[in-house]
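Asker: Here is how the chains run, residue by residue.
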Amino acid sequence: MTEDAVGPTEGAAGAAPSEQRGSGLDLIALTKEFTGGVVAVDDVNLHVDHGEYVVLLGPSGCGKTTTLRMIGGHEYPTGGDIVLDGQSLGGLPPHKRPTTTVFQHFALFPHRSVLDNVSFGLKMDKMPKHARRARAMEALEMVGLTELASRKPRALSGGQQQRVALARVLVTKPKALLLDEPLGDLDRLLQLRMRGELRNLQRPLGLMFIHVTHNQEEALSMADRIVVMNDARIQQIADPLTIATRPATELVARFMGDNNIIRGKLAERDGDRLVIEDEHGVRASVHAPGDKRAPGDAAMVSVRAAAVEIAAADGPAPLNAADCEIIFVEFLGDLVKVHLTSGGERLLVKVPGERYPALRGREGERVRISWKEEDVQLLSA
Amino acid sequence: MSSSSPPDPRLDVAEIEEAEEIETTPRTERALGDQGGPRGRGGGWVTLAWGLPGFIWLAFYLVAPLTFIVLVSFWTRTDTGFVRDWTTADYGALLHPFNLDNSYWKNMLTSFETSLIAVAACLVFGFPVAYFLAMKVEKLQNQIALFIIALAPFWTSFLTRSVAWAYPLMGREGALNQFLIKVHIVSQPVDAFGFSTLSVRLAMIQLYILFMVTPLFFLLGQVDRYAIEAARDLGGNWFSVFKEIILPQTMPGIVIGSIFIFVLTMGEYGTVAVIGQGAVSSVGTFIQQQVLGIQYPQGAASAVLLVVVLIFGVFGITRFANLREEL
Amino acid sequence: MTSAAEAAATRPQDRVTTRQPKRRRDWAKWGLGTYFVIFLVFLYAPMILMAILSFQGYYGGVTFPFRGPAGFDWWRSIFETQVGGVFTHAEDIRAAGERSLWISLAAGAIVAFFAFTLSMAFRRRFRGDGVAFYVIMLALMTPGFLLGLGTQLLWKAMGIQTSLWWSALGANSVWGIPFGFLVMLAVWNRYDEHIEEAASDLGANLVTTFREVTLPLVWTGIFGAALFGFTLTWNDFDRTVLLVLDNTLPLQIVGLIQASAIRPDLYALGTATTLVTLFLIFSVLIAVTIRLRLRGRRVDRVEEELGLDGAIDVEAAAQAGGFGA
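Chains A, B and C, in that order, give the protein sequences.
Numbered per our numbering, the first sequence finishes at 381, counting up by one with no gaps.
Numbered per our numbering, the second sequence finishes at 1327, counting up by one with no gaps.
Numbered per our numbering, the third sequence finishes at 2325, counting up by one with no gaps.
Hints may be right or wrong, so weigh each one.
Stated by the list, open to error - In silico lysine-lysine, DSS-like type, Cα no more than 25 Å apart, as pairs: (1) B:Lys1243 to C:Lys2156; (2) A:Lys265 to A:Lys292; (3) A:Lys123 to A:Lys175; (4) B:Lys1243 to B:Lys1136; (5) A:Lys96 to A:Lys129; (6) A:Lys175 to A:Lys152; (7) C:Lys2029 to B:Lys1139; (8) A:Lys123 to A:Lys173; (9) C:Lys2029 to B:Lys1136.
Keep in mind the hints are simulated off the structure, nothing from the lab.
This structure is a prediction, so every number in the text was calculated from the model and none was measured.
Using the sequences and the hints given, assemble the complete structure.
Answerer: As structure tokens, then:
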């Protein structure tokens, strides 16, 4: 799964046309090894089109920020290449690259007014004062901050600082906008709101956005495509729906959360239909064309917690069902998470919050859970 | 490149689960990122360019003079200075009659005693000040404002403060004696307040206490107040809280303050000269006498021995805390 | 909901308290506060007594009681060559004061320059940085008169007469550099390196980034380093005394002490130099405070974040977030 396996870019279709139609951004076998032998990024291959919103998602230390910093020129790769519209960015310093970054803590210039912050890039381009002020005001208008143009960054709220940071990079008309945990510094309500604002800003601009986050929800809600990274490598590249419902590897399934994993052996095979059985006798069937496993080989599947139902138990458990004991009923307002065990790994069922009264206080009882075959996903290791 | 050994999935899963629970800034990545980067790449030359002028300056005006003292201490005295004839005679003279009649060691002992008293007194009297500022003043702004008011005298002349200490306040007819007579604590003026060792030592506390208050203030500010509350919760009285929680965490500050005060008071010259008015001597005034008598090699040897004592003293003080680890 | 939920919700013992908690007086705070005031008196009293005694009349001595009539005679005597027919030390004092002023300004500039450049070197780790750090700290730990002695010996061996500008200035700046260096380290500790990266992102090269972003942001720290250089030199005696023939102000003060009879003009001079330093310190602090105030405060209220402070697209955001209601 280290290649850009997923085909055409689904999200780009909706974007408005932009003048700068090049071949897009290519990361080719990109590798970064720090002095001391730590490999932060290992053989990353990725293609991003103009107008596409791509999110690099992964846990702390997975190499996503280093990848972004290499695209921006703040780190230099030790292997591979970065090509933007046919031009290799390899050894270019940041100020000679057509990319700009929105940093996690915004990195506004505290000694400059909002207007001077926004016009900084234009000043560096030697644009005359009047022209750059006008352009900067346009950019501020775009983010709704024209009244605050003369304030210093410290007199702004977190959300306003965020918008200044956006205006500051947009005004330079970059070919690619890089966002490093852009919502990390905002409180939760504001984060939710900025997700929508960022997406609504990106679509009409038709700009390439590459966004780094460790927040699964944020990635799912914003991306055209998600690149899940772990341990310096890409685990899966796919649209949000696929990532959420069809995780390709155990790592993705666990990182995205709320997936039940059944680890066992291939028990029987009927053409493309496999039946996997774990050591406690739980059996799940999955449709997996092209899989070459023989009976007895190790295999692993996942089922989303929301696709699992709680049913009454009678007789021995059939295929795609398991008898479990309830460990804990967790009420979360909108939904209820029921934690269960079948003897092996913990299992999880998500049901709507209305069903809480029927589940309350039932810890210790045995129930049967079941799922449909089409919700089962075969995982690679 | 592409096919290195596959990672152990179990290990990774554990990491992922951890990451799921705690949504923090990707510290590892940032820490790694700081090492590299375009600035880091050409780092060697850039660092050299920034550092070289300063170190040349320090080499010429600091390291060279100090090294030269050591050299001169092994040279031979002449009527106008010294010549490069190697000898250890001056050390012999200083070390041979190693008894307390030797005025050098007498002075050394007095200075050492003064230093110990100064360190102890600055700690005892300075700690409550730092504690009050860091723990009992609520707003940070007020803390800093009060701290600066307390710190401001540091910037004024030690010499002027010594003068102000020695003449109007201390002395036979000083304000302190007059006050004590007026409120009938003493009937005669206390002579010891005059140009005396006691007066010098009191002045030292006044001059150097800020070197103790400052590091203590910064370290006490970092002590977690909830840790103190937790210790009280768990049944500690104020003394055990102080001993188990506050003291260990402020130890580096005590050590730094002690080193400063020890070194600076051992090497005192101006204050002793002004307050003591010749009646009090120290290693500093002793060496000054030798220099004025154009006995440069002996003065240098005395200075080297002083530095040896200082190094041992500082080394001894650092035993109380591992500064490298705790700062 | 079920009966269990209702039973859990209402208990006659449950009550919401609206009364304010009683405030207890923190005796430790008051005790320590009193101690702090006594501490300040201990620090400032000698200087204040000195200042009072400098306003005595002609027959004023060096101790209390205060001998009137109160006036500025002793203050005038440090500025005018003749007060009431009596010759004063004003000539020497003026010369010493000028020397002190220029040498302190020079030391301030040198300390600021080296404290800044050295701290720039220490922003990245380099081989031998531990030893280099100790060399700078050595400057802090060396007793002043030892440095003076070493400098005197070295210059004597080189066959050059020590002087205010060539040797005393160096010895004094060496004393200020570690203070300035520590100030700068504190500044870099709180400095966000991403700001420089943002500047280079926006097209600024290394030199422009340094000029437009780095320098303006650490300017206060550099100024602080200069202040250390100035005040330490302005007040120094131990380092200077062995090296110069012409008096600086501190040397002049010692000269007045060693004069046959000590007079209150010593107090006037001491108070004057102290006031110069205190004035400098507090005006700088006030200027810095005002500057920080002008930068404004951060807005922390969530209402303003979510309210009518302008948005990219309010309706779309509300739809996407769904949190408004």
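Asker: Decide, hint by hint, whether the structure agrees.
Answerer: Now for the hints, and whether the structure bears them out:
1. Restraint check for lysine 1243 (chain B) and lysine 2156 (chain C): not satisfied, since their Cα atoms lie roughly 53 Å apart, outside the 25 Å limit.
2. Of the pairs offered as hints, the one joining lysine 265 (chain A) and lysine 292 (chain A) holds, with about 13 Å between alpha carbons and a cut-off of 25 Å not exceeded.
3. Of the supplied pair hints, the one linking lysine 123 (chain A) and lysine 175 (chain A) holds, its CA atoms being roughly 19 Å apart against a limit of 25 Å.
4. Simply put, lysine 1243 (chain B) and lysine 1136 (chain B) have alpha-carbon atoms about 18 Å apart, close enough for the 25 Å limit, and the pair holds.
5. Between lysine 96 (chain A) and lysine 129 (chain A) the CA atoms are separated by roughly 22 Å; this keeps the pair inside 25 Å, and the hint holds.
6. Proposed proximity of lysine 175 (chain A) and lysine 152 (chain A) is contradicted: the alpha carbons are some 28 Å apart, above 25 Å.
7. For the hint pairing lysine 2029 (chain C) with lysine 1139 (chain B), the CA-to-CA distance comes to about 14 Å; that is within 25 Å, so the pair holds.
8. Taking the CA atoms of lysine 123 (chain A) and lysine 173 (chain A), the gap is about 14 Å. The hint holds against a cut of 25 Å.
9. About 6 Å separates the Cα atoms of lysine 2029 (chain C) and lysine 1136 (chain B), which keeps this hinted pair within 25 Å; it holds.
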